[in-house]
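In order, the protein sequence lines correspond to chains A and U.
Each residue of the first sequence is one higher than the one before, starting from 0 at the first, in numbering that gives the first Met the number 0.
Each residue of the second sequence is one higher than the one before, starting from 0 at the first, in numbering that gives the first Met the number 0.
Derived by calculation from the structure, the hints in this document are not laboratory data.
We put the CB at the ideal spot given by N, CA and C, even for glycine.
Don't take every hint at face value.
A few chain A residues that face chain U, going by a derived Cβ cut-off under 10 Å, partial list only [what the hints assert, rightly or not]:
| id | residue |
| --- | --- |
| 1 | G51 |
| 2 | A57 |
| 3 | L74 |
| 4 | R128 |
| 5 | A129 |
| 6 | V208 |
| 7 | R273 |
Per label pair, the in silico range of CB-to-CB distance [what the hints assert, rightly or not]:
| id | chain 1 | residue 1 | chain 2 | residue 2 | range |
| --- | --- | --- | --- | --- | --- |
| 8 | U | A209 | A | R177 | 26 to 32 Å |
| 9 | U | I313 | A | G8 | 55 to 61 Å |
| 10 | U | L153 | A | F13 | 45 to 51 Å |
| 11 | U | V481 | A | F13 | 33 to 39 Å |
| 12 | A | T281 | U | W397 | 48 to 54 Å |
| 13 | U | I313 | A | P28 | 54 to 60 Å |
| 14 | A | P89 | U | V214 | 22 to 28 Å |
| 15 | A | P89 | U | R137 | 22 to 28 Å |
| 16 | A | E165 | U | F34 | 40 to 46 Å |
| 17 | A | S69 | U | G22 | 56 to 62 Å |
| 18 | U | L261 | A | R110 | 20 to 26 Å |
| 19 | U | S295 | A | D147 | 53 to 59 Å |
| 20 | U | S295 | A | G8 | 35 to 41 Å |
| 21 | A | R177 | U | S295 | 50 to 56 Å |
Residues from chain A shown here face chain U by an in silico Cβ test under 7 Å; the list is partial [what the hints assert, rightly or not]:
| id | residue |
| --- | --- |
| 22 | L50 |
| 23 | G94 |
| 24 | R104 |
| 25 | P123 |
| 26 | R124 |
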Amino acid sequence: MTSTISVAGLVKTFGPTRALDGLDLEVKPGEVHGFLGPNGSGKTTTIRVLLGLLRADAGTVHMLAGDPWSDAVALHRRLAYVPGDVTLWPGITGGEVIDLMGRLRGGLDRRRRDELLERFDLDPRKKARAYSKGNRQKVALVAGLASDAELLLLDEPTSGLDPLMEAVFQQCIHEVKREGRTVLLSSHILAEVEALCDRVSIIRLGRTVESGTLGELRHLTRTSISVETAQPVTGIDALPGVHDVVMDHTTARFDVDTQHLDEVVRRLSALGVRSLTSSPPTLEEMFLRHYGDEETSGKKDVA
Amino acid sequence: MTAVASRVRTTPATRSGTTSGTGTLLRFMLRRERFRLPWWLLGAGLLLAFQSTGSQRLYGTPEDLAKLRETMGGNVTVVALSGPKELLETIGGEVVFEIFSYLAIVVGLMSMFMVARHTRSDEETGRAEVIRSARVGRHAPLAAALCLAGLANLAAALVVFATAAGTGLPVGGSALLGLATAGVGLTFAALTAVAAQVFENTRAVYGAVALALGVAYVLRAVGDVGNGALSWLSPIGWGQRTFPYSDDRWWPLLLPLAATALLGATALALLDRRDFGAGLLPSRPGRATASRALSSPLGLAWRLQRGSFAGWAIGLFLLAASYGSFGNSVEQYVADNPEIADYLPGGGDDVVNSYLGLTIMLTALTAAAFGISSALRARGEETSGRAEPVLATATSRWAWLGSHLTVALLGGAVVLLAIGFGEGLTYGLSVSDAGQIPRLMGVALVYLPAVWLVVGVAVLAFGWLPRAATAVAWAVFGYCAVVALFAESFDLPDWVGRASPFTHIPEAPFESVTATPLLIVGALAVALLAAGFIGFRRRDVGT
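Next comes chain U alone, as it looks inside the complex (with noise of 0.2 Å):
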């Protein structure tokens, strides 16, 4: 009886084989993921409210449409940043020119991190090997990702739906724009599933997805300025050239769904040809010897830090670089738009000055995030046990804080120059004006005693917070944020804008630089750093 009752309960786990298991372990994701999806899908929902009722506002006739269709229909910096101009037939397409590659971003990075969190990440660590151990197929843990990432981009199709249908976007069209952007999420969540299998470790997998994010984020920009053949190697070209709202095209979606499948299988074949913790590409074998220039903390710092180093200064060079091209045609813009001039922090009469001004402070705000995620690395080392044989050696507490400090606080100086640079040299270009480059250098730079004052507050609470370090950190740059970007439109009380350190950055170019809000900013920013120091010091390591 017993023996009978057991063989009825094996049979369909050993039928079914490679994917037994994939229905427990979705749910056991599901229940890993159950704070940091909102967060993405929150995200994605924002963007679009923001977006939606904003263009509604300030382009909600025919006739601004058409102006609009004009100006940035014929501007190929915008296009390239977009999507194509036909989108801008209707107000609801204007919205999806506008915020689609964002979207497309937001769901692509959220996949990426779900699908190589529950495959390579997981191998690496070895948490799949205990799983795997039990009974779950070869394919399980696979299959179960990519499910996860199916249900994630559902989950942010109707988000997109519901938002764009609650501003009062046409229903159709708005479900057209959540499937689009969920197709995606679903390509780029089938392409990680096949990085996973191609690389060793989870860096290489981020790597390589994010480049291909990247590179279908230029496809796109190519085609649409160009004759639009590009566009279509583009999985976010795909979800633009469905045309919601302006045509309303479905049979696009058939392309994300194709590719998915395709991947999905590929990804799928692939694992049968490695090993568990093996990467069909074998990691290369690095150097023997240390480097004279890994012989300090400083050393050490800069080695750990220099690649996301790295790509912040070039993401933000780039991001302030489209800024800039956009900054010589931002007259006639506000000209044919006079609602935007309330937008800008020095009103129509110096359109384009404030308009670099407020594009700068943005960028410089990011700044600021990199200096936070760099100064915290001292704490990532803490926690991870890291620290503890350093500062066993003849490294001072001061050195080794030291050394992780001035990586933040000299690289958010440089990151801020590449920022002067970026949109110096595509304004410059526009205007044939080099002297827009150390203009605008210049411009970016007085930021840093503010970007050096957040750095003091997150190294004030590593010396004597440590465990809230990371939240208290990041709470008060998300405020910094909040302020910079809503504090006018919501009329936020006075003293709200006061707490934050950018409201006393002299807005150049159009607010003339006066010497005593920095230092005062800057007095502070070392006082905190100071007491960090002396918190740090005292404290124990390693708690």
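So here's chain A without its partners, still in its complex pose (with noise of 0.2 Å):
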């Protein structure tokens, strides 16, 4: 089965910034895939790589079986994009925009568009320049969900939604899920992510940093231990995967690589336990991990 995206090695610099520095990225098909990472990590310039709006400076970048950059029109014809920072033009409504973007793509679903505009409850009739950032967003929303193309580029699609617009995106998502469609997101928004992605890839400073599912993720990071024993806890210090440990005398407190976290129970419990909370990575956690944590990221890379 080929890959719908599949990125390797990509760079790409502007003067003296290296914004991408081999980048790799692999999208399968009818897969929603979460695209992270901090501002500037380099998101939005392997989106705009993808759109072939800009050249690779190397690294091998195939889409739907094509060259961004040399297959583009007909690769567009396929794919619908929502950028994260709308600007429409001021004079033209948006109901005006959505239709235009839809015949530019090659044709649109008028059914399916008057449902989108009611779901998003957006008036088409206002002047672009009278929208808020919100309701731009949903006009660039509905553009790119009105299509049936068969790949959605998504970049933070959802910056300025409120809550109730955030869940209508997310059933949408859904939607375009069971209908086998691929989706490359990206996002800010854990929630969004933990409730919509099968695969997630983490970037940093135009990196990859990481790639998997959900839960392989989850497996590569720490649990939280507190821990209350009838003997003296001792030697947990020395088990491989531990770290940040505070003892004293029968409580301890640490935190163990999910991996190996077998071997540190069963030594627990050869003390006697007499409490123990265990609380799994939050995503949260594991994201500020890759995002913030410099020596972390360093090692993985070197790995």
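Take the two lone chains, each set in its own frame, and fit them into one complex as the hints suggest.
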């Protein structure tokens, strides 16, 4: 099965800045793929390369079995794009923009368009200069979702939407998924990613630092343990995968790499566990670790 | 102690209420204007300097002036275009007669842009929201913008005074002329302040004030031709009817002062009756669905540019029509003022044709400005981020750039035809010859290759040096304009003139049109356009 999007070793520089520095990305047909990373990590640049707006300096990029740069127009018939920072023509109404975008892509489903306008509660008769940030975003979303494109490229598509509209958006993506279409979703909203994405790729400084299902990623992170035992706690800090240990006679608090959890629990139960609380890694922690922690991501890059 | 100190400090702010922060805002606005204002002032100064030195050279003697009163003062068209013939009593008055309307338009537009930029435009973009959230009163931005316009017009008055007096005109009249000019600017500044309360978006404010400026011009034109009554309804008329250098009447200056006070107070009162961000007139809802016409890149380009295209076409039609209406009297005028013949490319032999040729060439040059601004729309779409979603559809780069250029290139041709039609219409009417219309339309169209070549330079820069495209394109236009206007009177070296495409176009109708130069200029234009397309095809979009 060939990937819908397949990027390997992608490099893009702007003058002295290396915006993408050997980025890898695999999106399989029919999946919703989360594309995560801190601001300025290269998500938008990657999407612009996929759209053929920017030319890659090095690396290979394939999308829908074509080359985004040289086959741009043919590929664009099969995809829909929603930018995160929507600027519209001030004197043109939202309804006109949606129709225009659909026609430029090769036709749009009028029934679906009207249904989406209804669901997103958007007034199509307003001139674009009168729309708020959230409403401009809705115009772009309706324009993108009203198409029957087989691939959706969404660059922070829900920035500025209220929670109600966020829910509508998630429903729409679930429907898209049921129809077997593919989605690349760049987002900062972790609840959205958790609810929608089959797999995620985390990028940082223009490189992919982690890629896999959410379950796999969780497995790579640490669980926090707080324990009280019958016998004094000893030797815990010597076990592999244990970090940040605070021991006080019969109580201990520490983090453990999830893959080493089993050995640690065995060791603890030998000491006679009186109470134990374990908190699984939250998505938040997982991302904070990848976004912020210089050392960890540095090591991962080497490995 | 600290409590007392802070109370002392906050008291003035709370007391002055709705205007607190005006001074700070005014300083900030002055800073934002520091690169724009000098250009407006320079423009006003140059206009007056050229007119003043030119008029004094041509009509320096009382006999010349007397002749001029007969020919120009008796010509309805000239009076309608310039001002009341009473001004033609003195040489200073003659300068005012010729240039005051233009000075009025310059300071009027300067004031309009200035006030709208710091009021409605700031509100529309959201900049004003940040400012109003600080310790700034409700009236402060408007009050500061009006103070700014007041200072700018005072500066304009000084520039006009210094230029007029510096070119040898009497000091008293020059002071009056400066203040009369500033009066027009102030009135339109205050009118803009009112329009900024009424309309919700900046373009509507510009439209309304520009229309008012046009009406003011027409009112004084009709009034000056007739009994003068309508001129008193026009701020431009008020300024002209101070009659600097001939009658030196100071009291009409009270009219713009009163109008400014009245309009300014109205604007402040209206401000209290509307919500922030809203206008007194709500904007009308538009279409819920796109029409058939908005289905292609070309449809979009036309939709985006049709307004400015219509503005250019109508404006240049009117300009050419006003030139054409003067065509029939030009022979008599040159016979009376033989020095003028030196400025006509054909000399005194074929006065009418060389006059028509020169005026069409100058207007065609302005048509190139339309071509540039239209081609640069593509760059504007790119930098604003609006090109990206369009290029993410099945629209190729060729089709996208090509559709904007279609408007620029074909639009340029239509604008040239409108110029020929305008000049042919009024000249044809004055000599009762309908054949002048197709003839002069043909003459104007001869400049098409040159207009396209200038557009080609803009496209070349857009393709290869996108960041510099705007500067490069306008520099090339400025160069062509300087060559066209000054090459002959300033004895510039030959090669300077030959670098402008307009120099190579045969100056019909007094020169015969040959195909070779047109084909060469046209081929160059096509080559530049093609090179620009290739550059755009190869580069990153959005940088």
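These are the hints, each one checked on the structure:
1. G51: 8 Å, holds
2. A57: 15 Å, violated
3. L74: 9 Å, holds
4. R128: Cβ of R128(A) sits 6 Å from chain U, so the hint holds.
5. A129: Holds, about 6 Å.
6. V208: 26 Å, violated
7. R273: It is violated, given that the least Cβ distance between R273(A) and chain U is near 55 Å, above 10 Å.
8. A209(U) to R177(A): 26 to 32 Å: Hint violated: Cβ distance 55 Å, outside 26 to 32 Å.
9. I313(U) to G8(A): 55 to 61 Å: 57 Å, holds
10. L153(U) to F13(A): 45 to 51 Å: 46 Å, holds
11. V481(U) to F13(A): 33 to 39 Å: Since the Cβ atoms of V481(U) and F13(A) sit about 37 Å apart, the hinted range of 33 to 39 Å holds.
12. T281(A) to W397(U): 48 to 54 Å: Given range 48 to 54 Å: holds, Cβ gap about 50 Å.
13. I313(U) to P28(A): 54 to 60 Å: 55 Å, holds
14. P89(A) to V214(U): 22 to 28 Å: With a Cβ separation near 26 Å, P89(A) and V214(U) satisfy 22 to 28 Å, so the hint holds.
15. P89(A) to R137(U): 22 to 28 Å: About 26 Å separates the Cβ atoms of P89(A) and R137(U), which means 22 to 28 Å holds.
16. E165(A) to F34(U): 40 to 46 Å: 44 Å, holds
17. S69(A) to G22(U): 56 to 62 Å: Given a distance of about 59 Å, which is inside 56 to 62 Å, the answer is holds.
18. L261(U) to R110(A): 20 to 26 Å: Because 56 Å falls outside the window, the suggested range is violated.
19. S295(U) to D147(A): 53 to 59 Å: 20 Å, violated
20. S295(U) to G8(A): 35 to 41 Å: Holds, at about 38 Å.
21. R177(A) to S295(U): 50 to 56 Å: 33 Å, violated
22. L50: Holds, about 5 Å.
23. G94: 4 Å, holds
24. R104: Because about 4 Å separates R104(A) from the closest Cβ in chain U, which is inside the 7 Å limit, the hint holds.
25. P123: Holds. Min distance 5 Å.
26. R124: OK, holds: R124(A) within 7 Å of chain U, min 4 Å.
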